[in-house]
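Peer 1: Take a look at the letters that make up each chain.
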Amino acid sequence: MPLLDVTNLSIHFGGVKAVQDVSFSIDAGIVYAVIGPNGAGKTTLFNLITGVYKPTHGEIRLDGESIGGKSPDELARRGVARTFQNLQICMNMSAIENVMVGAHLRLDRNLVKAALRLPSITRRDAELRGEALELMRFVGLEKYAGARADSMPYGALKRLEIARALAMKPRVIFLDEPAAGLNPKETIEVDELVRKVADSGITVVLVEHDMKMVMNLSDRILVLDYGKKLAEGTGEEVRRNPDVIAAYLGAHA
Amino acid sequence: MLAQFLQFLFSGVTVGATYALAALGFTLIYNASNVINFAQGEFIMLGGMLAVFFVQSGLPLPAALVLAILVPAVVGVLIEKLAIEPVKGAETVTLIIITIGASLVIRGLTAVIFGKGTHSLPAFSGDEPIQILGATLMPQSLWVLGVTPIVVVVLWYFFNRTLSGKAMLATSYNRVAAELVGINTNGVLFMSFAMSAALGALGGILVTPITLTSYDAGIMMGLKGFVAAVLGGLGNGLGAVVGGLLVGILESMGAGYLSSAYKDAIPFVLILFILFFMPRGLFGARVTDRV
Amino acid sequence: MQKRAYFGLYIVIAILALLPLVLPNSFYMDLAIRMAINAVIVLGLNLLIGFAGQISLGHAGFLGIGAYASAVLPTHFGWHPLLAMGAGAAATGLLAALVARPIFKLKGNYLAMATLGLGIILNIALRNEATWTGGPDGMPVPAFGLFGFELSSDKHWYWVVAILLSVSVWASLNLIDSPFGRALRALHGSEVASRVVGVDVVRYKVAIFVLSAVFASLMGSITAHYVGFVTPNLADFFHSIELVTMVVIGGMASVYGSLVGAVLLTALPQALATFEGWETVVFGAILMICMIFLPKGLVPTLAAKFGKGE
Numbered sequence: 001m002p003l004l005d006v007t008n009l010s011i012h013f014g015g016v017k018a019v020q021d022v023s024f025s026i027d028a029g030i031v032y033a034v035i036g037p038n039g040a041g042k043t044t045l046f047n048l049i050t051g052v053y054k055p056t057h058g059e060i061r062l063d064g065e066s067i068g069g070k071s072p073d074e075l076a077r078r079g080v081a082r083t084f085q086n087l088q089i090c091m092n093m094s095a096i097e098n099v100m101v102g103a104h105l106r107l108d109r110n111l112v113k114a115a116l117r118l119p120s121i122t123r124r125d126a127e128l129r130g131e132a133l134e135l136m137r138f139v140g141l142e143k144y145a146g147a148r149a150d151s152m153p154y155g156a157l158k159r160l161e162i163a164r165a166l167a168m169k170p171r172v173i174f175l176d177e178p179a180a181g182l183n184p185k186e187t188i189e190v191d192e193l194v195r196k197v198a199d200s201g202i203t204v205v206l207v208e209h210d211m212k213m214v215m216n217l218s219d220r221i222l223v224l225d226y227g228k229k230l231a232e233g234t235g236e237e238v239r240r241n242p243d244v245i246a247a248y249l250g251a252h253a
Numbered sequence: 001m002l003a004q005f006l007q008f009l010f011s012g013v014t015v016g017a018t019y020a021l022a023a024l025g026f027t028l029i030y031n032a033s034n035v036i037n038f039a040q041g042e043f044i045m046l047g048g049m050l051a052v053f054f055v056q057s058g059l060p061l062p063a064a065l066v067l068a069i070l071v072p073a074v075v076g077v078l079i080e081k082l083a084i085e086p087v088k089g090a091e092t093v094t095l096i097i098i099t100i101g102a103s104l105v106i107r108g109l110t111a112v113i114f115g116k117g118t119h120s121l122p123a124f125s126g127d128e129p130i131q132i133l134g135a136t137l138m139p140q141s142l143w144v145l146g147v148t149p150i151v152v153v154v155l156w157y158f159f160n161r162t163l164s165g166k167a168m169l170a171t172s173y174n175r176v177a178a179e180l181v182g183i184n185t186n187g188v189l190f191m192s193f194a195m196s197a198a199l200g201a202l203g204g205i206l207v208t209p210i211t212l213t214s215y216d217a218g219i220m221m222g223l224k225g226f227v228a229a230v231l232g233g234l235g236n237g238l239g240a241v242v243g244g245l246l247v248g249i250l251e252s253m254g255a256g257y258l259s260s261a262y263k264d265a266i267p268f269v270l271i272l273f274i275l276f277f278m279p280r281g282l283f284g285a286r287v288t289d290r291v
Numbered sequence: 001m002q003k004r005a006y007f008g009l010y011i012v013i014a015i016l017a018l019l020p021l022v023l024p025n026s027f028y029m030d031l032a033i034r035m036a037i038n039a040v041i042v043l044g045l046n047l048l049i050g051f052a053g054q055i056s057l058g059h060a061g062f063l064g065i066g067a068y069a070s071a072v073l074p075t076h077f078g079w080h081p082l083l084a085m086g087a088g089a090a091a092t093g094l095l096a097a098l099v100a101r102p103i104f105k106l107k108g109n110y111l112a113m114a115t116l117g118l119g120i121i122l123n124i125a126l127r128n129e130a131t132w133t134g135g136p137d138g139m140p141v142p143a144f145g146l147f148g149f150e151l152s153s154d155k156h157w158y159w160v161v162a163i164l165l166s167v168s169v170w171a172s173l174n175l176i177d178s179p180f181g182r183a184l185r186a187l188h189g190s191e192v193a194s195r196v197v198g199v200d201v202v203r204y205k206v207a208i209f210v211l212s213a214v215f216a217s218l219m220g221s222i223t224a225h226y227v228g229f230v231t232p233n234l235a236d237f238f239h240s241i242e243l244v245t246m247v248v249i250g251g252m253a254s255v256y257g258s259l260v261g262a263v264l265l266t267a268l269p270q271a272l273a274t275f276e277g278w279e280t281v282v283f284g285a286i287l288m289i290c291m292i293f294l295p296k297g298l299v300p301t302l303a304a305k306f307g308k309g310e
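Chains as they are written, first to last, in this note's numbering: chain A, 1 to 253; chain B, 1 to 291; chain C, 1 to 310.
The hints are simulated quantities; they were obtained by calculation from the structure and are not laboratory data. Incorrect hints may have been included.
[Said to hold, decoys possible] As a list, the in silico BS3-like pairs of lysine-lysine whose alpha-carbon atoms are at most 25 Å apart: (1) B/Lys-88 with B/Lys-263; (2) C/Lys-107 with B/Lys-88; (3) A/Lys-17 with A/Lys-70; (4) A/Lys-185 with A/Lys-196; (5) A/Lys-17 with A/Lys-185; (6) A/Lys-143 with A/Lys-185; (7) A/Lys-143 with A/Lys-196; (8) C/Lys-305 with A/Lys-54; (9) C/Lys-305 with B/Lys-88; (10) A/Lys-70 with A/Lys-169; (11) A/Lys-228 with A/Lys-54; (12) A/Lys-70 with A/Lys-54; (13) A/Lys-54 with C/Lys-107; (14) C/Lys-107 with C/Lys-296; (15) C/Lys-107 with A/Lys-70; (16) A/Lys-212 with A/Lys-185; (17) B/Lys-81 with C/Lys-296; (18) B/Lys-88 with C/Lys-296; (19) A/Lys-212 with A/Lys-228; (20) C/Lys-105 with A/Lys-70.
All values reported here derive from a predicted model rather than from experimental measurement.
Between the sequences and the hints, there should be enough to build the whole structure, so can you do that?
Peer 2: Rendered as structure tokens:
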């Protein structure tokens, strides 16, 4: 059984059909890329699967269980993590606190215990601080351990989002354009980071415009165009698909 | 029965028209800057108080009224120039406190200059009540009900048919894009404060012969104008007018049939219920968060 | 960062302990007590406004519920003041929880409208139910006694509110630096990001709204007993605004800013009394000037200037 199974998924905003009748499935442990021109519906697809939008039609199954229309926090409980195309970092917090927020569901969130600063809370928080530091090292941000988020450069914030998502200990992570806006060196670093994440056993779903990165990383690729599925398969299959060449790669020829 | 109903309706529509003008003022400023101007009620008060003052100082009525609209407009522009423009893009709470500060300054100055007493303004065309199906209608109500639709039509024409109006509308949709196509968005902000202060003052002047006025009359008027603007869906001009009339009518009916002591609570109970079920008011656009 | 934050708590406790020794007369004692009461309310309100990023323009209404519970229940029904205070807090919590769910689906200016409306309705009710509340003129509040000991002198009250304030500062610092507090700040920073990491944002907003409302209610009860008299002015729109102003002028999302804001704005009307008739004008002008030149509030602005941070 695939980890994620999407059938006939659609969402309409008024008259705009942003995603139309899209079906695909993702096996556990792979890197799966979603590509397509701007406006093809890639981010909307992410928003649907991670619960930010509710689908108009169609079914989304995680491990066979229907999750379409469930709220983001319910999906977080089921091990779905994501990053954002437009940074969603909490600028009112420090870098490490942003990572610690990712572990929200694994903590005792009781208000009264927190207000009384019970040892059970502080002990767990100290452990978590260590874990978060470890994650910052994993994504290559150790030098920002004591930094405020609003003092960090863009490229570092992109990786901070990945660290926050990893703090959820997710089963599947959705990365929305992790290399967008980065310079070539940073792009290579993110490429390596995504590989490391995948190697740690987390299923990765990726939206990315950098074709080299997509071809290099992905086991399978889904191509969207105008909200519809154009093709799906391995990198080689997609590259040879005449529809894809015409609609997408053709633009470069 | 019918006479009583009509009586409540007349007074509701009359005061509702004032709320509508106040709500239009809120809407204009909100669209230009996303600011909720808590000083809006003070323009209503200022219009009424200044009209009283100018008439008492011997000016002919038309001149007094024009001045009582122009002075608040200047005050509105001053607020915008001195207090709003310098903090563009500040947090909602900060902006709310600035406009509340402005309203305190206006209210305090009015109390110092004109005293804390209640003032009345003679009706524009006499006090001979008109009988309609057993209900009485004051001639001043006709002034309110006549002028408000004219204002609404003029505003509609301004926003849909003139270049400056369209520029203001464009700014409300997308400030950055408006600036890119060369619209002077600071000018738009300036205009919106002048216009909404003038609208508030006009409403205040028209309704003062009926309701009297004092230095602190603006607070409730302003808050109810805000209710009307939110009821219609913030930023929606037509919604503001409908909201104003609705608030006025329901308040008058509630005071008449249910409890006059709770008259001032009615608009707020109404808005709470509306917001519980329609979080963006009656005609507010649905928005989807883009991430 | 944390060590330094708690260091401030010791300073607060030291000041509170030494203050009675230096206060020259009962006028200043009274002022100090009212400052401390406001500071506790503002701490709660700052958790809601500054940390969680949600506005409330109706908190004085909750203050009013507490104050009037302490006035009405012992006077008309012979309740013990402590029981009345608890009942007021419980009723406030219940009401806040009841309205909070629908209210916190709203954002920004709509939220401002809803909370403002709630506060005004509460105030009008207090003014109108004259049989119970004495109407606009208010009513006397019986003294607060416990185990045969009556809190009567300013000294007694001072120590009560000083302890309450110290505990509130400590609890606020604890809360901010906890999983609960991080979730609150995160939903302020990015609501969508906090949702996808699993924060049930409406629940957190409701929780902090209820908490700050209950704080306000309890301090309303204490104000009522301390002053010995309540009027609806305690619960009016202007007082709600004063409380929000204390939060913003002291500094949003700053525990010590809450204290500074409460102290300054409680003292301000006293200082302005010399302006005879111009108080409102000067008060309004000060609000505007502070917000234009220090939009982040005093404490965060100064902290940034001297490179510290809380």
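Peer 1: Work down the list of hints and note, for each, if the structure agrees.
Peer 2: Here is what the structure says about each hint:
no.	hint	result
1	B/Lys-88 with B/Lys-263	violated, 37 Å
2	C/Lys-107 with B/Lys-88	holds, 20 Å
3	A/Lys-17 with A/Lys-70	holds, 21 Å
4	A/Lys-185 with A/Lys-196	holds, 17 Å
5	A/Lys-17 with A/Lys-185	violated, 37 Å
6	A/Lys-143 with A/Lys-185	holds, 18 Å
7	A/Lys-143 with A/Lys-196	holds, 20 Å
8	C/Lys-305 with A/Lys-54	violated, 46 Å
9	C/Lys-305 with B/Lys-88	holds, 22 Å
10	A/Lys-70 with A/Lys-169	holds, 20 Å
11	A/Lys-228 with A/Lys-54	holds, 18 Å
12	A/Lys-70 with A/Lys-54	holds, 8 Å
13	A/Lys-54 with C/Lys-107	holds, 20 Å
14	C/Lys-107 with C/Lys-296	holds, 21 Å
15	C/Lys-107 with A/Lys-70	holds, 22 Å
16	A/Lys-212 with A/Lys-185	holds, 13 Å
17	B/Lys-81 with C/Lys-296	holds, 21 Å
18	B/Lys-88 with C/Lys-296	holds, 14 Å
19	A/Lys-212 with A/Lys-228	holds, 23 Å
20	C/Lys-105 with A/Lys-70	holds, 17 Å
Hint check: violations occur at hints 1, 5 and 8; the rest are consistent with the structure.
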